[in-house]
Amino acid sequence: MNKIVTLQQSVMAEDEKFAAAIRDRNTRMGLLMVNIIGSPGCGKTTLLEKTALHAGLSMAVIEGDLATDRDAERLARLGVPVVQINTKGGCHLEANVVEKAMESLPLDTLDVLFIENVGNLVCPAEFDLGEDFKVAVLSAPEGADKPLKYPYLFTSAKAVLLTKTDLLPHLSFDMEMFAEDTRKLNPAAPVFHVDSLSGAGIEQWVGFIKLKAKEKKANVR
Amino acid sequence: MHELSLADAIVSALLKMCEDEAWGRVKKVRLRVGALRQVFPEMLEFAFSTVVKDTALSGALLEIEEIPLEWRCLECGNRWREDSGVCPLCGSFNRETLAGMELEIHSVEVEET
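Those protein sequences? They're chains X and C, same order as listed. Residues in the first sequence are numbered from 1 upward in steps of one, following this note's numbering. Residues in the second sequence are numbered from 1001 upward in steps of one, following this note's numbering.
Treat the hints loosely; a few may be bogus.
For lysine-lysine, the following DSS-like pairs were computed, each having C-alpha atoms within a straight-line distance of at most 25 Å [unchecked claim]: (1) C/K1028 <-> X/K3; (2) X/K3 <-> C/K1027; (3) C/K1053 <-> C/K1016; (4) X/K212 <-> X/K184; (5) X/K17 <-> X/K210; (6) X/K217 <-> X/K158; (7) C/K1016 <-> X/K17; (8) X/K100 <-> X/K17; (9) X/K88 <-> X/K17; (10) X/K88 <-> X/K100; (11) X/K158 <-> X/K17; (12) C/K1016 <-> X/K3; (13) C/K1027 <-> C/K1053; (14) X/K158 <-> X/K210; (15) X/K3 <-> C/K1053.
It is worth saying that the hints were derived from the structure and are not from the lab. All values reported here derive from a predicted model rather than from experimental measurement.
Start from the sequences and build out the full structure, keeping to the hints where you can.
See the structure below:
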């Protein structure tokens, strides 16, 4: 005789426990945690460098890469507390490694902790790290068709960033399609146009993060 | 997404339950996967059959139930199941996701011991 055992248990249950613990602690501390997701080379680190140069935001970064600590070095040079995680071949970060990385950061001095996830539009979007929200980063040269091709990320992100907008005059980037598709997938998400090199659009992005950090602090009970 | 690590997570969780609950042979594992969850069923089935080799779950069948996307319009209350997030009745973008984000081990079929 066979019997059916009903479980209705999340496949990621083990890792979700770590994510829940991180989220709990951040809520108690009033620390905003933002999970930055985008392709390799879309400008995630440059965006974080420019964000760090803005006054009035105490930030730290956890860097996820397959290999090297180049990104961490770039941010450390600016005085940003940073921890590098090398995933060897792993294509995303998981909450258990993020929790360990957080141990070596001065959490109680921070307004915001950025996680720069492994460059990839697919897997990182699936794994809850205990963040307040995900941000989807797309660089203009990747093409306007990407939101619909990677709908999970663009649906689950709280904000969308279009980077390298200075290159738009040289590209056949269909802005109307990008705007329409992004809105269809995620009507509530603000879309920021950023050129990190000149700094255009950084102000609005940092303003958004500051607002979210303030809201987070205000909700500490 | 990453089918092999998914298969690994499923099998690890079930092996622990196998031991804790002293189950007999596991015949079937039923999984519910939402359309938005980036899971490629054939790849997951293959990964699962590889991961269970030489474990207590060896020979268990993975049955994947795919859950279609379902939206509800927050303006007019209409429910629809298309891929597009725009309400086909009133054209509003303002909606909530009712189904399509699932990723759960729904049930297992085990031999009575």
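Each hint tested on the structure:
no., hint, verdict
1, C/K1028 <-> X/K3, "holds, 10 Å"
2, X/K3 <-> C/K1027, "holds, 10 Å"
3, C/K1053 <-> C/K1016, "holds, 16 Å"
4, X/K212 <-> X/K184, "holds, 24 Å"
5, X/K17 <-> X/K210, "violated, 28 Å"
6, X/K217 <-> X/K158, "holds, 18 Å"
7, C/K1016 <-> X/K17, "holds, 16 Å"
8, X/K100 <-> X/K17, "holds, 14 Å"
9, X/K88 <-> X/K17, "holds, 24 Å"
10, X/K88 <-> X/K100, "holds, 17 Å"
11, X/K158 <-> X/K17, "holds, 22 Å"
12, C/K1016 <-> X/K3, "holds, 18 Å"
13, C/K1027 <-> C/K1053, "holds, 14 Å"
14, X/K158 <-> X/K210, "holds, 14 Å"
15, X/K3 <-> C/K1053, "holds, 23 Å"
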